[in-house]
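Now for the letters of each chain:
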Amino acid sequence: MTDMPFQIEILWTDFLIFVLIGSILAFVVYTLRHEHLRVPWRQVARRPLAMGSLVILLAYVAVGLMDSIHFRPAQNEQHQGEVVYVNEVLSLLDMAAMPLRARTEKTYSAPFAMHAFSKEMVEYPDGRHAREYPRLLYGGAHLQEPVERAGDILSRAGAATLAGFGIWLLPVTGFLLFWHKRSESWAQTLSRLVRGEGDFPWRTVLVTTGILIVLAANAAYLSLYYHIFGTDQVGQDVFYKSLKSVRTGLVIGTLTTLVMLPFAALFGIMAGYFRGWVDDVIQYVYTTLSSIPSVLLIAAAILTLQAYITANPESFTSATERADIRLLFLCLILGVTSWTSLCRLLRGETLKLREVDYILAARALGSSHLSVMARHILPNVMHIILITVVLDFSGLVLAEAVLSYVGVGVDPTMDSWGNMIVSARLEMARDPLVWWSLASAFVFMFGLVLAANLFSDAVRDAFDPRLRK
Amino acid sequence: MIGYIIRRLLYAIPILIGVNLLTFWLFFFVNSPDDMARVHLGGKRVTPEAIVKWKADHGYDVPRFYNAGNQGPKKFTDTIFFKHSVKLFLFDFGRSDQGRDIGYDISQRMWPSLAIALPTFLVGLLVYITFAMLIAFFRGTYLDYWGVVVCVVLMSVSTLFYVIGGQFLVSKLWHLVPISGYDIGVESFKFLILPVIVGVVSGTGASTRLYRTFFLEEINKDYVRTARAKGLSELRVLFRHVLKNAMIPILTGVVVVIPLLFTGSLIMESFFGIPGLGSYTIDAISSQDFSIVRAMVFLGSVLYIIGLILTDLSYTLVDPRVRMK
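Quick mapping for you: the protein sequence lines, in order, are chains A and B.
The numbering of the first sequence is the working numbering, which starts it at 1 and goes up by one.
The numbering of the second sequence is the working numbering, which starts it at 1 and goes up by one.
It is worth saying that the hints were derived from the structure and are not from the lab.
Take the hints with a grain of salt, since some may be wrong.
Claimed, not checked - Below, computed lysine-lysine pairings styled on DSSO-like, alpha-carbon distance capped at 30 Å: (1) A:Lys119 <-> A:Lys106; (2) B:Lys87 <-> B:Lys53; (3) A:Lys352 <-> B:Lys244; (4) B:Lys172 <-> A:Lys119; (5) B:Lys230 <-> B:Lys244; (6) B:Lys221 <-> A:Lys352.
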């Protein structure tokens with residue numbers, strides 16, 4: 001172990017993310033085995049809009065997952081024969097985006113700019129001094145003259161688009177091989193795809209994938225030569241920051257539900273099932289919690305966490321770890337504020353369910369309360385839980401931005417869309433305007449939230465019995 | 001009726017005690033007053049003497065629940081719990097960590113908050129119901145479909161973007177109204193119009209879509225079919241019958257926030273420089289003023305509970321089938 005070139009570092013949120021992935025996989029396997037659960041999902045799968053959104057969501061998830069495998073690379077020189085690891089925690093995404101990460105400018109620069117945003121004293125070789133916009137260290141540094149820029153960008157974008165199409169043809173061919181029937185010609189298979197035949201919207205899925213691949217190819221290739229979304233105040237590439245923020249948004253949107261779900265389900269079902277004093281106590285707890293305005297409760301909790309971190313600085317070895325704890329804590333406290341509504345829904349539904357005949361039959365056959373709740377009631381309220389989870393996601397991603405603005409969101413050093421917007425507020429007051437941080441945060445956030453909203457709509461339509469025709 | 005209200009008010013007391021205990025636990029157990037002092041005095045290198053002095057200045061230098069060193073009732077009153085938590089029930093918020101009277105500040109800042117929150121609320125309600133009815137009127141058509149799509153797109157944009165975008169377009173580019181600020185009297189209009197518009201627009205997507213489902217749920221019911229069969233025009237059916245019944249679920253969600261209008265909106269107020277309770281809270285959070293945050297938590301819960309009671313009362317007004325038990 002001592003000679004490893006890196007040391008795996010599992011942060012708390014990483015661990016929970018893997019738990020989450022595990023439970024999602026378990027849920028998928030469980031669903032596939034039960035016909036009555038497959039039916040509504042099939043209905044979701046038939047909606048082109050939902051499937052297109054799912055592809056986009058998966059792309060976000062892939063970025064987020066790459067950013068959730070953390071390690072510390074070994075230092076170059078060894079210390080007394082032992083490998084020493086650097087203090088900085090990196091992720092797979094950091095490694096993949098190393099060119100973006102390492103190439104920082106001095107300060108702001110516009111997207112695709114070759115020159116810095118503000119004038120500086122420049123000394124010429126012949127000894128003259130002048131105040132002008134200096135060339136950037138990296139953005140467009142391969143070009144001699146600024147006039148070459150437009151042509152350069154176009155030709156590189158064209159090459160990247162072609163390459164993207166090339167890559168895209170791989171999944172398309174793979175799909176055609178899988179979809180081809182022996183009885184038909186290849187042209188027929190292709191025309192079936194182009195006309196969008198079949199139950200499953202393959203055409204939408206493949207087109208969305210294609211667009212994503214082409215965009216990714218362009219972004220990847222062009223950002224080797226330019227800062228495609230510009231740079232921020234300290235010269236960091238904004239595109240890189242936006243990519244890093246994906247994980248923060250996903251963690252807030254998913255882990256919050258993961259931590260609150262067991263409590264909401266347990267208490268909600270218990271309150272509805274046992275009634276009496278159990279119901280009173282649980283109702284009291286959630287009325288109390290929900291009566292505190294959530295922003296204030298979060299503010300109070302985050303303030304106390306800050307005081308704790310100030311008092312115990314020795315518990316955290318690195319800034320990443322400190323930011324991670326704060327992120328986790330934020331998820332926890334957001335969970336505390338958001339479990340009450342689900343709990344109330346589950347209580348109401350259980351109140352209805354417990355009067356149903358099959359529950360009575362199960363009790364009469366000698367099932368214990370626990371097994372009735374777990375085997376008969378829980379599966380019958382699963383659709384409520386599922387709908388809540390999917391519907392909450394986009395709201396939580398949006399909430400992160402607001403909370404960061406209020407100052408009780410994620411750690412200010414952590415990359416998040418909220419923090420990008422917060423800094424953009426001051427940038428918008430500058431002249432000339434620094435708009436690219438805001439625009440970039442907007443694009444990334446809007447993409448995620450819109451896809452999540454469209455997908456969750458389809459899930460709700462499929463699972464909500466009231467909407468079923 | 002009065003007996004019902006009294007019972008509901010009595011039921012609120014244990015909840016407020018719960019809120020109080022919870023905040024007390026958060027602020028004085030999870031964190032000791034020593035931690036608070038350290039945060040305020042700035043980080044690691046703080047002398048113990050400075051901490052003791054800070055605690056004495058702010059009344060945190062007494063035991064939490066029971067003061068054995070005192071005589072008689074002072075054993076209980078001269079404690080942090082009594083001084084900083086029990087007094088909240090009398091709406092005596094004490095002094096902020098900077099030494100200002102919180103109760104006075106709240107009474108001053110309440111009105112600017114209301115000046116922006118109330119118009120936003122009323123105009124918003126009117127706009128959302130109008131849009132929702134319009135979409136419901138054209139149900140099943142392309143207008144319905146695209147209306148919903150626009151709603152989903154609108155609700156996928158963070159409020160912060162609406163605020164920043166609105167300020168940029170209206171104030172910076174078109175110079176129609178000042179970017180931020182506040183004034184009393186007629187002059188306040190030019191400061192309030194933009195926050196109100198932004199507030200209404202930012203809620204349009206989610207609320208219109210929600211209200212649309214309320215309308216659609218009613219539209220498919222039997223009494224609506226009967227009304228149509230009588231020969232009433234579609235508009236008349238919509239206004240006279242559907243609107244009234246769809247108001248029940250709309251009211252449920254809306255009445256509860258009315259008292260909370262006093263506490264204002266954190267984002268709107270801080271972006272537009274309105275000296276209301278929202279910006280008061282934000283300032284308290286950023287300066288880590290624990291006393292103000294505690295007071296606002298308590299005030300917020302009181303108003304929320306009042307909102308719950310109002311919701312129940314409004315139910316009985318709009319729907320006579322609901323009886324008060």
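Here's how the hints hold up against the structure:
1. Under the criterion of a C-alpha separation no larger than 30 Å, the hint pairing A:Lys119 with A:Lys106 is consistent with the structure, at around 12 Å.
2. Between B:Lys87 and B:Lys53 the CA atoms are separated by roughly 23 Å; this keeps the pair inside 30 Å, and the hint holds.
3. Between A:Lys352 and B:Lys244 the alpha-carbon distance is near 28 Å, which keeps this suggested pair within the 30 Å criterion.
4. Proposed proximity of B:Lys172 and A:Lys119 is supported: the alpha carbons are some 24 Å apart, at most 30 Å.
5. Restraint check for B:Lys230 and B:Lys244: the C-alpha separation of about 18 Å stays at or below 30 Å, so the hint holds.
6. Only pairs whose Cα atoms come within 30 Å are accepted, and B:Lys221 paired with A:Lys352 is accepted, the gap being roughly 23 Å.
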